[in-house]
Amino acid sequence: MTEGQADQLAALRGRFGAAIERSVVFAGQQVVYVAAAQAHAVLEWLQQDPSQRFDYLTDLTAVEYRDAERPLEVVYQLRSLTRRVDLRVKIALDPSGPLEVRTVTDLWKGAEWLEREAWDMFGVKFLGHGDLRRILMWETYSEGHPLRKSFPLRGHRSRAEQTRQALAANPEAHYSLEELSIADAYQALPADMQARLVEREAAQ
Amino acid sequence: MSPRTLELSVSTPVVGADGKVRNVPLGVARRPSEAVSDDFGAEHMLVNIGPQHPATHGVLRLVVELEGETVKRIIPHVGYLHSGFEKLGEYRQYNQIIPLTDRTDYLAPMANNVALALAVEALMGIEITERCRLLRVIACEMSRIISHIVWLGTTGIDLGAFTPFLWLFQQRERIYNLQESWTGARLTTSVARVGGMMADVPEGWEDGLRDFVRTFPAVLREVDTMFTRNAIWIGRTQGVGAIGADEAINYSLSGPMLRASGVDYDVRKDRPYLGYDEFDFDVPVGEHGDIYDRYLVRFEEMAQSTRILEQALDRLRPGPVNVSDPRVILPPKSRAMGDMEAMIFHFKQVMEGIKPPAGEVYFGVENPKGELGYYFVSDGTAKPVRWRIRPPSFLNLAALPRLCEGALLSDVIAINASVDIVMGEIDR
Numbered sequence: 018m019t020e021g022q023a024d025q026l027a028a029l030r031g032r033f034g035a036a037i038e039r040s041v042v043f044a045g046q047q048v049v050y051v052a053a054a055q056a057h058a059v060l061e062w063l064q065q066d067p068s069q070r071f072d073y074l075t076d077l078t079a080v081e082y083r084d085a086e087r088p089l090e091v092v093y094q095l096r097s098l099t100r101r102v103d104l105r106v107k108i109a110l111d112p113s114g115p116l117e118v119r120t121v122t123d124l125w126k127g128a129e130w131l132e133r134e135a136w137d138m139f140g141v142k143f144l145g146h147g148d149l150r151r152i153l154m155w156e157t158y159s160e161g162h163p164l165r166k167s168f169p170l171r172g173h174r175s176r177a178e179q180t181r182q183a184l185a186a187n188p189e190a191h192y193s194l195e196e197l198s199i200a201d202a203y204q205a206l207p208a209d210m211q212a213r214l215v216e217r218e219a220a221q
Numbered sequence: 009m010s011p012r013t014l015e016l017s018v019s020t021p022v023v024g025a026d027g028k029v030r031n032v033p034l035g036v037a038r039r040p041s042e043a044v045s046d047d048f049g050a051e052h053m054l055v056n057i058g059p060q061h062p063a064t065h066g067v068l069r070l071v072v073e074l075e076g077e078t079v080k081r082i083i084p085h086v087g088y089l090h091s092g093f094e095k096l097g098e099y100r101q102y103n104q105i106i107p108l109t110d111r112t113d114y115l116a117p118m119a120n121n122v123a124l125a126l127a128v129e130a131l132m133g134i135e136i137t138e139r140c141r142l143l144r145v146i147a148c149e150m151s152r153i154i155s156h157i158v159w160l161g162t163t164g165i166d167l168g169a170f171t172p173f174l175w176l177f178q179q180r181e182r183i184y185n186l187q188e189s190w191t192g193a194r195l196t197t198s199v200a201r202v203g204g205m206m207a208d209v210p211e212g213w214e215d216g217l218r219d220f221v222r223t224f225p226a227v228l229r230e231v232d233t234m235f236t237r238n239a240i241w242i243g244r245t246q247g248v249g250a251i252g253a254d255e256a257i258n259y260s261l262s263g264p265m266l267r268a269s270g271v272d273y274d275v276r277k278d279r280p281y282l283g284y285d286e287f288d289f290d291v292p293v294g295e296h297g298d299i300y301d302r303y304l305v306r307f308e309e310m311a312q313s314t315r316i317l318e319q320a321l322d323r324l325r326p327g328p329v330n331v332s333d334p335r336v337i338l339p340p341k342s343r344a345m346g347d348m349e350a351m352i353f354h355f356k357q358v359m360e361g362i363k364p365p366a367g368e369v370y371f372g373v374e375n376p377k378g379e380l381g382y383y384f385v386s387d388g389t390a391k392p393v394r395w396r397i398r399p400p401s402f403l404n405l406a407a408l409p410r411l412c413e414g415a416l417l418s419d420v421i422a423i424n425a426s427v428d429i430v431m432g433e434i435d436r
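Residue numbers (my numbering), protein chains in the order written: chain A, 18 to 221; chain B, 9 to 436.
Treat the hints loosely; a few may be bogus.
Stated by the list, open to error - When the alpha-carbon atoms are kept at most 20 Å apart in a straight line, the in silico DMTMM-like pairs for lysine to aspartate or glutamate are as follows:
1) B:277 x A:72
2) A:166 x A:84
3) B:363 x A:84
4) A:166 x A:86
5) B:391 x A:84
6) A:126 x A:103
7) B:341 x B:360
8) A:126 x B:255
By construction, these hints were calculated from the structure, which means they are not laboratory data.
Please take these sequences and the hints and turn them into a complete structure.
Given below as structure tokens:
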């Protein structure tokens with residue numbers, strides 16, 4: 018751990034105490050584990066405090082380990098463009114419990130799509146995200162979250178079943194309820210699809 | 009679904025019995041007994057662009073809400089090219105991931121290959137040889153030039169200028185020929201390996217690159233006369249799709265998109281890798297953050313890349329390309345036949361693969377489109393637990409709804425082009 022990294026950890030510990038669980042340095046890069054409940058406050062402080070100024074969210078993603086005992090981690094790769102410093106903040110989530118963390122879209126607009134991707138791929142719910150839809154998979158995709166270790170490489174369903182479902186898909190389903198409301202085409206949809214869209218909007 | 013108009017206005021024009029247009033309140037206009045053309049003068053319209061549309065530069069789909077010709081809202085849809093590369097990476101050994109990186113940003117495959125090798129080397133703490141370093145710099149800068157060539161050529165076409173596209177693509181062809189003679193492939197180069205390169209450049213290859221470096225600036229000057237002071241180009245690009253420095257940072261923009269907004273951040277200068285700090289080159293920075301500034305930044309980057317190529321060629325000396333580290337590079341085949349230890353290393357590497365220590369590393373490089381980051385999590389086995397790609401154009405595209413606020417529909421095409429997206433990387 019370099020001097021700067023030790024100072025970084027001391028500043029975090031001094032401000033948040035036990036919420037800073039531990040810090041690891043590997044290949045010269047510092048990782049700080051933060052308790053999920055205080056994570057938003059920590060990130061907000063890191064972004065806005067004049068001594069920190071981590072103004073740039075380089076990346077946001079999640080990691081699940083092969084060892085099922087290990088928690089799933091949400092990873093924030095932060096950078097201070099003014100201080101030219103990087104910091105990785107991690108939140109550990111119990112994979113058997115609800116995978117929920119507070120959104121950081123109120124701090125960094127760039128998190129909007131990154132959180133959607135983490136939701137799509139890992140099923141991590143970002144509470145307070147205004148538009149938490151799937152992003153790489155299509156909206157009606159129902160096999161789960163592909164980057165989870167419990168998800169087999171070839172998918173849960175057979176190729177034949179996947180093809181059958183793709184061919185049976187209603188192309189209108191590729192518009193969100195919000196978009197359909199622009200076109201006023203919602204009324205023209207079959208009743209079951211209307212119900213499904215309303216249900217899905219309500220669930221989010 | 010056909011694009012239909014929405015009756016958001018308080019009144020809707022209908023054609024009366026006398027054949028004249030009049031406005032009637034919304035509720036009345038909707039009476040089923042009255043035949044009203046939905047498309048008749050109502051205010052908001054839904055337009056679907058793509059996924060199969062040449063101006064979206066790939067399989068990008070944009071759902072645009074229009075009021076007249078002004079964009080009220082724009083909702084991008086991505087994922088049509090999703091191939092699950094990150095998932096596939098978890099089932100492959102580190103060197104086997106390199107062919108996947110060819111297919112992410114396929115307009116600059118060599119730069120991706122090099123970035124991946126650098127990330128794994130950072131994870132393992134490997135120091136590459138001098139010749140390998142310079143060859144990688146050459147690979148990265150060649151990629152920057154061809155990627156920017158594709159960007160400038162296609163953006164020119166989007167805005168009605170066809171000739172520069174042809175001039176530039178002739179130059180791109182020359183680099184593709186160099187790539188082909190080096191790697192055997194024009195697009196799927198897979199040129200890097202952990203700890204070295206797939207191969208050294210063939211004999212006389214440097215002369216071909218020197219020839220390119222000598223003649224390319226003349227082509228750039230020709231293109232410059234076509235665009236930089238062209239009234240149509242300026243009219244279509246200046247002040248369009250502008251974003252300020254603070255917002256650009258908040259949206260996590262990177263590369264030319266960030267620098268055009270006046271943020272002086274280039275990974276090559278600020279977190280030097282491959283010894284970029286030893287090279288003499290400038291980083292162009294814009295000030296308005298509009299399409300024109302993005303054009304100027306990328307244009308100048310091509311000229312600067314030519315400078316770097318020249319310096320790298322001057323420094324290139326004969327020497328080993330691969331490190332002599334039996335963990336990652338196979339000992340010579342001749343030794344493996346007679347030397348027990350060398351044969352064991354062959355066996356272990358081929359059968360088990362490269363095994364980095366348990367740990368994790370984020371490695372960011374300055375790719376043509378912005379900061380490409382590879383985040384590896386290793387548990388000590390030959391396959392990564394997690395291979396995350398931080399795709400620059402994914403984050404740049406995420407700002408598109410903000411960039412298109414209040415723009416005209418025709419500007420959407422120009423703004424989208426200025427982001428310089430490549431769907432292989434966005435969808436992965």
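Going down the list of hints, with the structure as the test:
For the hint linking residue 277 of chain B to residue 72 of chain A, the alpha-carbon distance of about 19 Å falls within 20 Å, and the restraint holds. Between the alpha carbons of residue 166 of chain A and residue 84 of chain A the distance comes to roughly 9 Å, so the proposed pair stays at or under 20 Å and holds. Taken as a hint, the residue 363 of chain B and residue 84 of chain A pair is honoured in the structure, with Cα atoms around 18 Å apart against an allowance of 20 Å. Restraint check for residue 166 of chain A and residue 86 of chain A: satisfied, since their Cα atoms lie roughly 12 Å apart, inside the 20 Å limit.
Only pairs whose Cα atoms come within 20 Å are accepted, and residue 391 of chain B paired with residue 84 of chain A is accepted, the gap being roughly 14 Å. Between residue 126 of chain A and residue 103 of chain A, the direct Cα distance comes to roughly 19 Å. Compliance with the 20 Å bound is thereby established for this hinted pair. The straight-line distance between the Cα atoms of residue 341 of chain B and residue 360 of chain B is roughly 18 Å, inside the 20 Å bound, and the hint therefore holds. For the hint pairing residue 126 of chain A with residue 255 of chain B, the CA-to-CA distance comes to about 9 Å; that is within 20 Å, so the pair holds.
Of the numbered hints stated above, none is contradicted by the structure.
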